[in-house]
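Taking UniProt numbering, the leading residue of the sequence shown gets 1, the next gets one more, and so forth.
Take the hints with a grain of salt, since some may be wrong.
Label pairs and their calculated CB-CB ranges [stated by the list, open to error]:
| id | residue 1 | residue 2 | range |
| --- | --- | --- | --- |
| 1 | R96 | Y58 | 37 to 45 Å |
| 2 | A13 | A62 | 31 to 39 Å |
| 3 | G104 | I9 | 35 to 43 Å |
| 4 | V8 | R29 | 18 to 26 Å |
| 5 | P30 | V93 | 17 to 25 Å |
| 6 | P60 | S89 | 30 to 38 Å |
Think of the hints as simulated: they come from the structure by calculation, not from any bench. Since the model is a prediction, treat every value here as computed from it, not as a measurement. All C-beta atoms, glycine included, are put in the ideal place defined by N, C-alpha and C.
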Amino acid sequence: MSYSALAVIAVVAVLVLDLAVYRTRMVTRPVFWVAYAIIITFQLLMNGVLTGLEVVTYDPDAIWGPRIAYAPVEDLLFGFAMVTLTLASWAAVNRRANTARRRGFDTRTRRSSTR
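Input sequences plus hints: build the corresponding full structure.
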């Protein structure tokens with residue numbers, strides 16, 4: 001499977017996870033897109049340095065071809081998937097911990113705090 005196909009699969013899988021499984025709807029929030037704009041700026045900077053200096057190279061047959069800051073556009077897809085997965089997972093775990101706390105459970109010991 002090509003790098004391009006894996007990048008698209010990663011984005012689709014993370015969107016399904018965010019919207020249907022975790023139901024955090026991270027990608028529907030304006031604050032996510034503001035944070036992502038900051039992240040993508042630094043991702044493009046680092047991709048530009050690493051690929052521009054040929055520290056990292058890509059097989060031309062495994063990518064679509066278009067590049068941004070010397071890196072293939074697929075890198076942006078993978079970056080989006082990684083950032084979104086991390087933030088959505090964090091939000092889902094935090095929501096679960098807050099729900100348990102509201103119900104009277106100590107999430108550190110998994111025992112009821114009403115003993």
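For each hint, the structure was consulted:
A hinted range of 37 to 45 Å for the beta carbons of R96 and Y58 is consistent with their spacing of about 39 Å. At roughly 19 Å, the beta-carbon separation of A13 and A62 lies outside the given 31 to 39 Å, and the hint is violated. Between G104 and I9 the CB atoms are about 41 Å apart, so this pair conforms to the stated range of 35 to 43 Å. Roughly 23 Å separates the CB atoms of V8 and R29, a value that falls within the hinted 18 to 26 Å.
Separated by about 22 Å at the C-beta atoms, P30 and V93 satisfy the suggested range of 17 to 25 Å. Between P60 and S89 the Cβ separation comes to about 34 Å, which falls inside the hinted range of 30 to 38 Å.
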